[in-house]
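Novice: Chains as they are written, first to last, in the numbering used here: chain A, 57 to 236; chain B, 5 to 320.
FYI, nobody ran anything at the bench for these hints, they're computed from the structure. Among the hints, a few may not be true.
Derived DSSO-like pairs (lysine-lysine); straight-line CA-CA distance at most 30 Å [unchecked claim]:
| hint | chain 1 | residue 1 | chain 2 | residue 2 |
| --- | --- | --- | --- | --- |
| 1 | B | K317 | B | K180 |
| 2 | B | K142 | B | K238 |
| 3 | B | K142 | B | K81 |
| 4 | B | K317 | B | K238 |
| 5 | A | K94 | B | K12 |
| 6 | A | K94 | B | K81 |
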Amino acid sequence: MANLVLPLRVVALQLLFLLVATAIEAYVLQRRLGMTPKGSAQYSLVLNLFTTVAGWMLFFTIQPLLPPSWQLEIFSFIFFSRFFEPEFIDAMRTLGIILGFVVFMGTFFLKSVFFSMMLNLWASPNPAVPQYDTSQIQLNRMQRYRQSWTARIRSSALLMGTAASFAAILVMILVLQQAG
Amino acid sequence: MMVQQFFKSFWEHTRPRSFYSWQSALGLSLLAWLLSLLTQRPDTVGVPWSVHSILTNFGWVFLIIAMGWFTTINPPKFLGLSLGPWLTGILVCLFLFIRGEGIVWTRAALVSWPLVSMAIAAFPEFFKVDSGFEVPRKVPIRQWLTTLLLANLVLTCWLFLGFRIQDWLAEYPGLKGELFDRSAFVIRSQPSQPDYSRGVEILNQMVQQVRDNTEGRTMDEIERWLFEMQRNPKLLRDAVMARLTEVNQGRRLDQSFWQVEMGIGEPEYQLTLGARWQGPRSMQQGYVVQQVCQVGLATNNRGAMTCDQRNLKVLR
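Isolated chain B (complex conformation) (with noise of 0.2 Å):
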């Protein structure tokens, strides 16, 4: 019953009252867009026009035109202000930059929804309805119009910087294991939980480089090989971040900021490699990232190692 109440006031609230109506150019989108799922999406890219583009395409510009219809004859305000140009500028901006399947220009889409905002709102007092097309003449109006712009141009710098952000985070990729509580600029969505994939790729290579100097040796080279690896630390690094070039399609990145780390113990022989953090960081000691492996012998007297996939401990 609950459920019938609800549909018919939903009904009444969305069937077309008159043919000039928001209601009517929602229907109009929804007609368009069934009509699309009828047609066929084109195989080939190249053609430029087919029935089912055009539909899907009518079926944007109705639903633009009924959110901006809608929100002009019941503005959702905020502190007295519309907030409708904003809702249907979003739509725009979906509409000119990402499309169906596929995320095509995200970035895009974002950072220009402010203006694109901006100039829905300031539309219409650019237009009159018997002059055209003037650039308005009253303080007033002047005032609010470039209070308009200006407040959008923050929005948009902001916008800007968040993208500005990642592409920093995607440099930088060993930043994004650091936890931000102390900066006075960002946040993390979820604060405890870093991203560590920078430092487990390092470990990875390194867990390569010792695998490949380790098994199928005799203990005798295995033990000269780590003798080596202690004195001349270097000769590792070189190693690990020689590979993780390669295997990153010769994109060095951070490269150069990570350190890696060799423990050996007990019993023979017990290998603690870690992968430590040595750049802008929020601690003087970086954080690092660990892994524990057995090297030992196996039944043909030859090397064989086995590493503790799931026990990685990141230390601070």
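So here's chain A without its partners, still in its complex pose (with noise of 0.2 Å):
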């Protein structure tokens, strides 16, 4: 029998992320978009489904390219948990909260931009939109949007809920570090 190692432990923490980033921002969707909660736990495991593929999309694209002793620390932290060389050790304090601030700002962008993809590609096929005359228009459609409250509520409800859903991780995280 082959001695393999396996990702079975990231695996399983990911699913674990995921469900409870699901639930809590399927909350706060529904409590600030008034969404239904089947419609709004739908949205929620559409957007942290897409975040996570895209998460990994970029990690496996990116791995390969950086220089060798920053794929040295990957493999430190992914096998050991620990980092390989004491310079980095320092490095990663700073480089750690930037990280961090980069990856939520990261997933609050990747958010927005496929929740309103998924409001057009989801949406019931309108009755005919009434046709204006180019002259009586001053702002563009994108424009309108932008500026309508309805944008502006989804886009703090989506922040809120990637920012509560960032913290129940985090908190599961130093948990499992005290138990583990």
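Could you fit the two chains together into a complex? Lean on the hints.
Specialist: Dropping the structure here:
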């Protein structure tokens, strides 16, 4: 029987995180946007799955391109939960905070884009939109959307949802670190 | 009597009730395979179509059809979702990527399995009997398809990660000797049995190097060599690594992360040869694979070396 090294732990952790994040974000979307429980769960699930896939794909493309010293740190972190070079441990203190912020903003951005895409893709077919005379329109549709209050409420709901789920994941990581 | 009962119920279940059923598809598959046994596998690889290959392909196709049919009628459910497409998907991937003897593209088969299963699961939504191919319009179906696609992409990512990790371990074989108990990502299928093959390989080259410099030499030469190696350990390391590169056909892999150690002790001269892993590791001092060798004088007053091959020690 081959002695294989399998990523089962990260799969289990990711399932746990997905579950918690989806539940929390579904609740936030439901409260703030007035969606049905089923609808908010659906949207939240799809959003989190999308960011998970995007994250992994980013990792798979970037990792081979990194300089070898960074790759060693990645291996050390993945296999042993520690870092390899002592200089990197110090750099990690500042890098960690910046990285956390970048990941948060990146996730929020991806979710916003995907959310509006889904709203369009899943919209029920509209009745015919009345055509306005172009001379009467001062702003194009995108600008009007951005200025509309629906867009702002959606963005703030997504932001709150992402922040809440990140906080929950952080708490879980800390708890698991203490326990493990 | 029990065996008879079992076979009777098995036959009742699998015999074709009518012509248009999964049982007949299964029967056709079996027939195709039995017939293929009678034909010969072609000796020359260049022959594109032979009776044998046509029959085996038909066998596979009918087996896939039978499985798909069967799981549509009796779907194995998990949390309200039929797992049928994923089972059929396994067969399709095996058919496409793994042929008979020898495993050709295991990686491609496993990594494509989720997406193939998704195609099978989504297929009914795209083809309606009367209107042919059309993109579904209803919102719930679109939501379901999107969720299906993304969930299977996540599965694909996980499988891809598994293979990427195997690649890393192949590139840095010293890692295989470590324990992964503190990892948040991976786990070994046999947790307390690391793989020291790389360390052993380096140790063997070391033994060879020492042997070359001690066997058949005078005691004077041996002592001079040992002294030189103690004074300048880099010499030994360079020599061993040069041998290693040669043995590995020019590939260096994780050589730069290995240290060689030679301890000289009594009785004259007992050498403790060690290869220490200094790459990414779980403890600050890496694990070391050690072997004890005895260098002495043979009857002709020349050096002779014996090594305790069976007593390989690993210290952490």
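Novice: Indicate, hint by hint, whether the structure satisfies it.
Specialist: Going through the hints against the structure:
{"no.": "1", "hint": "K317(B) <-> K180(B)", "verdict": "holds, 16 Å"}
{"no.": "2", "hint": "K142(B) <-> K238(B)", "verdict": "violated, 72 Å"}
{"no.": "3", "hint": "K142(B) <-> K81(B)", "verdict": "holds, 24 Å"}
{"no.": "4", "hint": "K317(B) <-> K238(B)", "verdict": "holds, 23 Å"}
{"no.": "5", "hint": "K94(A) <-> K12(B)", "verdict": "violated, 48 Å"}
{"no.": "6", "hint": "K94(A) <-> K81(B)", "verdict": "holds, 21 Å"}
Comparing the model with each numbered hint stated earlier shows that hints 2, 5 do not hold.
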